[in-house]
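*Asks:* Residue numbers (full-length UniProt numbering), protein chains in the order written: chain A, 1 to 289; chain B, 1 to 289; chain C, 1 to 289; chain D, 1 to 289; chain E, 1 to 289; chain F, 1 to 289.
Just so you know, the hints here were simulated from the structure itself, not pulled from any lab data. Among these hints, one or two may not hold up.
[Claimed, not checked] Capping the alpha-carbon separation at 27 angstroms, the derived lysine-lysine pairs in BS3-like fashion look like this: (1) D:Lys177 x F:Lys177; (2) E:Lys32 x F:Lys281; (3) C:Lys11 x C:Lys32; (4) F:Lys32 x D:Lys280; (5) A:Lys32 x C:Lys280; (6) B:Lys281 x C:Lys281; (7) A:Lys177 x B:Lys177; (8) D:Lys11 x D:Lys32; (9) E:Lys32 x E:Lys11; (10) E:Lys32 x F:Lys280; (11) B:Lys11 x B:Lys32; (12) E:Lys280 x D:Lys32; (13) F:Lys32 x F:Lys11; (14) A:Lys32 x A:Lys11; (15) D:Lys32 x E:Lys32; (16) C:Lys177 x A:Lys177; (17) A:Lys280 x B:Lys32; (18) D:Lys281 x F:Lys32; (19) D:Lys177 x E:Lys177; (20) B:Lys177 x C:Lys177; (21) E:Lys177 x F:Lys177; (22) C:Lys281 x A:Lys32; (23) C:Lys32 x B:Lys280; (24) A:Lys281 x B:Lys32.
[Said to hold, decoys possible] Facing chain F, from chain C, some residues (calculated, C-beta under 10 angstroms): (25) Trp245; (26) Asp253; (27) Ser263.
[Stated by the list, open to error] What follows is a set of in silico ranges between Cβ atoms, one per label pair, in the way DEER data are often shown: (28) C:Ser114 x A:Glu252: 26 to 34 angstroms; (29) B:Thr81 x D:Ser9: 58 to 66 angstroms; (30) F:Lys281 x C:Glu252: 18 to 26 angstroms; (31) D:Gly210 x E:Ile19: 36 to 44 angstroms; (32) F:Glu215 x C:Ser114: 55 to 63 angstroms; (33) B:Arg282 x E:Pro39: 53 to 61 angstroms; (34) A:Thr90 x E:Glu252: 52 to 60 angstroms.
Where a beta carbon is used, it is the ideal one built from N, C-alpha and C, also for glycine.
6 protein chains.
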Amino acid sequence: MADPAETPSYKYFNLTYPIPYVAQIEIHRPEKLNAFIEPMWHELSTLFTTLSTSTTTRCIILTGSGPRAFTTGLDTTTASTSSSSPLSPTHFPPSTDPARRAASIRTHILSFQSCISSIASCAKPVVAAIHGFCYGLGIDIATCADLRFCSADASFSVKEVDIGIAADVGTLTRLGKVVGQASWVKDVCLSGRVFGGEEAGRVGFCGWVGGEGREGVLGEALRWAGVVVGKSPVAVQGTKEILDWSRDRSVEDGLRYTAVWNSAMIQTNDVPQAIQAGLKKRTPTFEKL
Amino acid sequence: MADPAETPSYKYFNLTYPIPYVAQIEIHRPEKLNAFIEPMWHELSTLFTTLSTSTTTRCIILTGSGPRAFTTGLDTTTASTSSSSPLSPTHFPPSTDPARRAASIRTHILSFQSCISSIASCAKPVVAAIHGFCYGLGIDIATCADLRFCSADASFSVKEVDIGIAADVGTLTRLGKVVGQASWVKDVCLSGRVFGGEEAGRVGFCGWVGGEGREGVLGEALRWAGVVVGKSPVAVQGTKEILDWSRDRSVEDGLRYTAVWNSAMIQTNDVPQAIQAGLKKRTPTFEKL
Amino acid sequence: MADPAETPSYKYFNLTYPIPYVAQIEIHRPEKLNAFIEPMWHELSTLFTTLSTSTTTRCIILTGSGPRAFTTGLDTTTASTSSSSPLSPTHFPPSTDPARRAASIRTHILSFQSCISSIASCAKPVVAAIHGFCYGLGIDIATCADLRFCSADASFSVKEVDIGIAADVGTLTRLGKVVGQASWVKDVCLSGRVFGGEEAGRVGFCGWVGGEGREGVLGEALRWAGVVVGKSPVAVQGTKEILDWSRDRSVEDGLRYTAVWNSAMIQTNDVPQAIQAGLKKRTPTFEKL
Amino acid sequence: MADPAETPSYKYFNLTYPIPYVAQIEIHRPEKLNAFIEPMWHELSTLFTTLSTSTTTRCIILTGSGPRAFTTGLDTTTASTSSSSPLSPTHFPPSTDPARRAASIRTHILSFQSCISSIASCAKPVVAAIHGFCYGLGIDIATCADLRFCSADASFSVKEVDIGIAADVGTLTRLGKVVGQASWVKDVCLSGRVFGGEEAGRVGFCGWVGGEGREGVLGEALRWAGVVVGKSPVAVQGTKEILDWSRDRSVEDGLRYTAVWNSAMIQTNDVPQAIQAGLKKRTPTFEKL
Amino acid sequence: MADPAETPSYKYFNLTYPIPYVAQIEIHRPEKLNAFIEPMWHELSTLFTTLSTSTTTRCIILTGSGPRAFTTGLDTTTASTSSSSPLSPTHFPPSTDPARRAASIRTHILSFQSCISSIASCAKPVVAAIHGFCYGLGIDIATCADLRFCSADASFSVKEVDIGIAADVGTLTRLGKVVGQASWVKDVCLSGRVFGGEEAGRVGFCGWVGGEGREGVLGEALRWAGVVVGKSPVAVQGTKEILDWSRDRSVEDGLRYTAVWNSAMIQTNDVPQAIQAGLKKRTPTFEKL
Amino acid sequence: MADPAETPSYKYFNLTYPIPYVAQIEIHRPEKLNAFIEPMWHELSTLFTTLSTSTTTRCIILTGSGPRAFTTGLDTTTASTSSSSPLSPTHFPPSTDPARRAASIRTHILSFQSCISSIASCAKPVVAAIHGFCYGLGIDIATCADLRFCSADASFSVKEVDIGIAADVGTLTRLGKVVGQASWVKDVCLSGRVFGGEEAGRVGFCGWVGGEGREGVLGEALRWAGVVVGKSPVAVQGTKEILDWSRDRSVEDGLRYTAVWNSAMIQTNDVPQAIQAGLKKRTPTFEKL
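The shape of chain A in the complex, shown without the other chains (with noise of 0.2 angstroms):
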């Protein structure tokens, strides 16, 4: 497969496909435990708008480099030192009007927020599989993604309450809508506290918790990435874009928009191949998409 989004040419994430069609992400830090800088956002964000389009990409993982953590989040220290960072005290001139500095925040956030987003606005479906710290930025990270795995040593914490900030590159707007138990998500943002594996799959935050460490993580997610990429492009990014839209709408809505959708995608003629690989119980195979 030449896909060009195969290159290898991603500083802090490496990109493989151990199974055809599935792409690993390994966040790629391991000497900081994947803690994030500012250009990891910014490449993170090229790397799932080019896979979101490229036809030999079916289904993507992400996952931690090392042993230890899936990503303890921002790197504080670097944030609060690199005058880049608007949690840096170097960052604005002192005599900076309140509003402007403001004005400016606001901007940095939008655009940290926008490259985040960019694994929830990825067309293909996305698994985090994940192993030991998954701190602030982390959890982010985590509820953008489709599904979540875990690893029994998994440990979590929505961790910015710690440096005096709310959450906000994601946690706090999307938390709530990816476990609906309210009473637990105020919890864990209100008091930071960590919680573990075993604890993330009770409540549903994360849908599989099993594995020693990120190996045992890894494996599951590849076997499930396996069957998807073996299912219809047409009917799996069908499925993901009419389960997006309809969390922030209405039923009614969410049903419009399904019969519009599908008004064009059932012209396709992977159901009639898949109908009839069905009936003869052989295994279908799908063009590109």
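Given chain A, put chains B, C, D, E and F in place with the hints provided.
*Replies:* Here is chains B, C, D, E and F on its own, set in the frame of chain A:
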């Protein structure tokens, strides 16, 4: 009870009243595991529209006939060969414009959705009592019900992805609204994997799991329905209406609608009747609605 | 602390500060199992509106007095006999127009809703610490809190259906937003059945279940509140605000609001303070807000 | 043209095709100035639902018969005396509960709204060609049309306030969406005052004002319809659908729906046909839709 | 009429009843051209909240005292020097955190908005009768009214931009909803330019323009109010409520709310009374509401 | 001014600064009446995205080059023959699945929409100064601007219907939001008829009409822009942001967003500066933003 709704004039559904005010609807095409063909969804719609205003019906139980299935969903063999279905290759003359095909398919889907949604818009509580197979369209139907009970042997699958389409009769819009675990919802919708009764109960898709096959789950559904039909129908139908309205709207809009609704409904004689009965530990009886 | 909020001027509520910054409100009508009469909800509203801007209050715990109940809800006996209540047959002169009755009832409900909603719109986190009975209006109140903790012996019922009305002070609007299991929500709202603490925890209605009666659950609530009041109040109150805003809106709207909110809030001194404290493993202290 | 839609089987409406593809519907109860009784709105609904999918109909003109009125609205005399109408004192047995009355009235209004809304949900453009009186229900109907043309002698009134009710068949919901001058909308709805054709044109309620009585306005409507039926029906019906969808939603939602809609529709042969005809200055002809 | 609302206990507003049921409120700080200081908006709120439920008030006219102004808006001199205003440099101790300033300012704005919005949430129709200057806060107030009438000599300006702020008490949210010409709305809000009565009428901001100064416009407002108070108050207040609800929601939601509203309201005696009066050409009288 | 935004690196657009802070963008393909080909919309997007954060740009004027046209819209000849356009018959290999065509077309439309929407999401006010032809895509572009000014000789057409498609780059979504006369909006969108400058002004599509051709309208646009760039940029950009947010949301949501926005923005030094300048009748100068 001489309600026209009871007249046994349905071909694919059996309507009985095992308890006063409790309508039991049996999907009745047992030789095909209750798989649906087009006349069935039109009949289903007529049935629920009629019961919605039948004064002798206060609660509805939906079940499948025969020991093996609630329903296996759309009868794919028929749908893929009968020229009346857009899934059939002979549905359109070969020369038809993709845009004209799309317009026709969209009309077909909207009509199909509208038939199935008649379950959701029925004014009376609907319990889906599920045993055996509940695949594809079976899930669309189950998500329209207010409550889902299942036997331990029930097995479920959002099957549509396996015939190359995104489910378009409601599952993708409603499932995320009835189960607040987005990771699980995406898993079962994207993979089409089978899940059993126990899992359905654990994630909250079914509110009660147990019993032995059809009779077991039906028994519990009847017990529940028996309780509900003893309540004021003004209170029961108002409760359903407000819960459904609020699900799709903000808290602000939910509260304002509730206040308008109850400004008339609280004037009912059922309130003093119910309060008196409570004080005197009598069973109240309520006028028809 | 000389905050006016502490002045013990409430008739039906005891306000104490068992820990600095943690306000404990006790519903205090123990001879009637804390059942509510109209003056109580007006007082409740005054109390929460005051604490919302009290700089010496950072977290609020709501509990019932006496060993037997959080609250049994509306005092139905009083409501059905006192002429000030629209549930009483003597509330309106017999000749009153149904439309004029409705206008008056609607105004009454909106005012009642507005009092109870003051809990939800309070800027500080609110924990409902529930033991014993929590019926009817008790559920309306509990769904307004951010977190719900309960003792194992707690018992709950969406009781309104048993007096012939659809719950109209918030339960039917908010319960589906705090518990993402629609089948369970419809079950308890339509049947009015009692459920216990264990079940409340399993479905996620309560975020913590345990302890022995009132003291047990209160202990855990105090422990939790003690953690939260040690955090930056800028971060804590921002987190609550954004979670609540996002619950009722699309992801897109949630993210944009968050960016505007934090454009000012991130300028706080609490951020460098918290980061420094973290690096130095000290406990930070934060200015009042 | 042998379309079943043309079969003159309507009692209160005349359906003719003065120009190919242009359906002209005449409200036909001239002896009562086209005032509506209940069978009329059911018939109206059947008519518009049929024409919505009739392939020989591309544009619809709605007019009143006789020289004096489009319609004077609801036939109040009949409504206030016939026991089938909730406006009649004999509609309910005197003992009926206000809540049960309300439930019945609500069902009646929803059904009435649904009939009138069939004009708005018709897939083809609808022009209301208005002359003479257009009162009460006439305004509800006119706001459902896509365009409103009127003769200079037309006179309008949101009359419902004069019989003691808030208009409930659509005027109060739709008028503010078709005329963007809130002060004027509130004026005419609250005062019920009569306004003429010139004013209707000035505020934008009617898009064209002129002509002499019925024939004058009908002539212009026919001229307009003649232009529109010469366009690609794929383009025309898509335009209506997207305009209506967008009116009730955010720009973001409007754009996304449009993209899905056109992803199928742009595949039509009408596009190359229209472009070629444009280049060659020929009149294109388009297949039925 | 002994309604407490009439008690002349307001310092900055004169309340009179020039016609039965028509409350005339005069902004009364003529020595400062009716410019607003903080106590005034709290008093305004009390006044409108009281009149909203006063049974002797059916329509409200809001006017300015003195010949020169409706109001020149916020008293900027006071606001920029009094330490109680966040526009004053002395409002915060210099050391205050920008985030804590923001929290305080936000609370201040929400409270200010809430006072002014009491005009919009008043259940009775409100006519702003505008002469002379109507600047800044004057526009915020005028957009809250249901109708705006002005004299030819009126002059308007969305003045806030000239003191360095985006208008935050309602103009920027409501102006686009009361005038459907976005280009004009952006022009006057971004440039702050003055526009006169004639232009206000042409774009539809004012529904009536004419008369000589204060007396001229007040005369027309009284004439209009006189008509409206003769109508059924059930119908009038329902009309306002439904128009306001529908403005912010989809047609679907507007229609459903209307049906629930009228299910109670149509039961009023005002309907037969109004119909009888109409048939007999008598003037009906309606009970208080 | 050395702002990179000024670097004349655009092929199809001329960017100049005729007045400090006022960017004038000229669509520059005069030999084709400024008709758009694909590289142009990508360049347009880059341009507006850059100016959105350029501190030397406070207002933007968009004009067409040459005396005859703002733009005639999409270059249909190129679009219908170049294989890069989905309107071209050679764009897809003949064997391509209708569903795969649809997926590709949808991606194309979303990208096209996103480029054009960059005008609407630019943080600075944009004035479209329109002369001569403004057809098809020209309308999509004009509805993205904040203000539309036109010369008397301008001529407009929602042309898409004439090439067989529903306009899909924004016109059908935005036109109804910028002109509040639904009958007129439907007329021009469904008929594709040409309308002139005078009509554009009368219905409010253009906020100013006059001048002689390009120079006339440009003169007025420059005059307007000159006024606006003298205002506080904090106030101007906040005003635009809040107006746009409020247009798509309820009054409630508009007010809350405004309060959060201004909680930071009111802290600007521009406020005392502007107030002082006003009192002293000086022209204030404001820092860059």
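*Asks:* Against each hint, give a clear statement of whether it holds in the structure.
*Replies:* Hint check results:
Our distance criterion of 27 angstroms between C-alpha atoms is met by D:Lys177 and F:Lys177, whose separation comes to about 10 angstroms. For a cut-off of 27 angstroms, the pair hint linking E:Lys32 to F:Lys281 stands: about 20 angstroms separates their Cα positions. At most 27 angstroms may separate the alpha-carbon atoms for a hinted pair to count; C:Lys11 and C:Lys32 meet this at roughly 14 angstroms. Of the supplied pair hints, the one linking F:Lys32 and D:Lys280 holds, its CA atoms being roughly 19 angstroms apart against a limit of 27 angstroms.
Pair hint A:Lys32 plus C:Lys280 holds up; C-alpha atoms about 19 angstroms apart against a cutoff of 27 angstroms. At most 27 angstroms may separate the alpha-carbon atoms for a hinted pair to count; B:Lys281 and C:Lys281 exceed this at roughly 62 angstroms. At most 27 angstroms may separate the alpha-carbon atoms for a hinted pair to count; A:Lys177 and B:Lys177 meet this at roughly 10 angstroms. Simply put, D:Lys11 and D:Lys32 have alpha-carbon atoms about 14 angstroms apart, close enough for the 27 angstroms limit, and the pair holds.
Between E:Lys32 and E:Lys11, the direct Cα distance comes to roughly 14 angstroms. Compliance with the 27 angstroms bound is thereby established for this hinted pair. As the CA atoms of E:Lys32 and F:Lys280 are separated by approximately 19 angstroms, the hinted pair is consistent with the 27 angstroms bound. Taking the CA atoms of B:Lys11 and B:Lys32, the gap is near 14 angstroms; set against the 27 angstroms cutoff, the hint holds. Distance check on the hinted pair: E:Lys280 and D:Lys32 sit about 19 angstroms apart at the alpha-carbon level, within 27 angstroms; holds.
Only pairs whose Cα atoms come within 27 angstroms are accepted, and F:Lys32 paired with F:Lys11 is accepted, the gap being roughly 14 angstroms. Between A:Lys32 and A:Lys11, the direct Cα distance comes to roughly 14 angstroms. Compliance with the 27 angstroms bound is thereby established for this hinted pair. Under the criterion of a C-alpha separation no larger than 27 angstroms, the hint pairing D:Lys32 with E:Lys32 is inconsistent with the structure, at around 60 angstroms. Restraint check for C:Lys177 and A:Lys177: satisfied, since their Cα atoms lie roughly 10 angstroms apart, inside the 27 angstroms limit.
The suggested pairing of A:Lys280 with B:Lys32 holds, with an alpha-carbon distance near 19 angstroms, which does not exceed 27 angstroms. Annotation: proposed proximity of D:Lys281 to F:Lys32 holds, straight-line Cα distance about 20 angstroms (limit 27 angstroms). For the hint linking D:Lys177 to E:Lys177, the alpha-carbon distance of about 10 angstroms falls within 27 angstroms, and the restraint holds. For the hint linking B:Lys177 to C:Lys177, the alpha-carbon distance of about 10 angstroms falls within 27 angstroms, and the restraint holds.
Annotation: proposed proximity of E:Lys177 to F:Lys177 holds, straight-line Cα distance about 10 angstroms (limit 27 angstroms). With a CA separation close to 20 angstroms, the supplied pair C:Lys281 and A:Lys32 stays within the 27 angstroms bound. About 19 angstroms separates the Cα atoms of C:Lys32 and B:Lys280, which keeps this hinted pair within 27 angstroms; it holds. Restraint check: the Cα-Cα separation between A:Lys281 and B:Lys32 comes to about 19 angstroms, which is no more than 27 angstroms; the hinted pair holds.
Given the 10 angstroms rule on beta carbons, the hint for C:Trp245 holds: about 8 angstroms separates it from the nearest Cβ of chain F. With its C-beta approaching chain F no nearer than about 8 angstroms, C:Asp253 sits inside the 10 angstroms limit, and its interface hint holds. Satisfaction of the interface hint for C:Ser263 is found here, the shortest Cβ-Cβ separation to chain F being roughly 5 angstroms, below the 10 angstroms cut-off. The beta-carbon spacing between C:Ser114 and A:Glu252, approximately 29 angstroms, falls within the hinted interval of 26 to 34 angstroms.
Taken as a hint, the range 58 to 66 angstroms is violated for the pair B:Thr81 and D:Ser9, whose Cβ atoms sit roughly 35 angstroms apart. Remark: the range hint 18 to 26 angstroms for F:Lys281 to C:Glu252 is contradicted by a beta-carbon distance near 44 angstroms. A hinted range of 36 to 44 angstroms holds for the C-beta pair D:Gly210 and E:Ile19, which are about 40 angstroms apart. At roughly 59 angstroms, the beta-carbon separation of F:Glu215 and C:Ser114 lies within the given 55 to 63 angstroms, and the hint holds.
Under the hint 53 to 61 angstroms, the C-beta atoms of B:Arg282 and E:Pro39, about 58 angstroms apart, fit the expected range. Under the hint 52 to 60 angstroms, the C-beta atoms of A:Thr90 and E:Glu252, about 53 angstroms apart, fit the expected range.
Checked against the numbered hints above, the structure breaks hints 6, 15, 29 and 30 and satisfies the rest.
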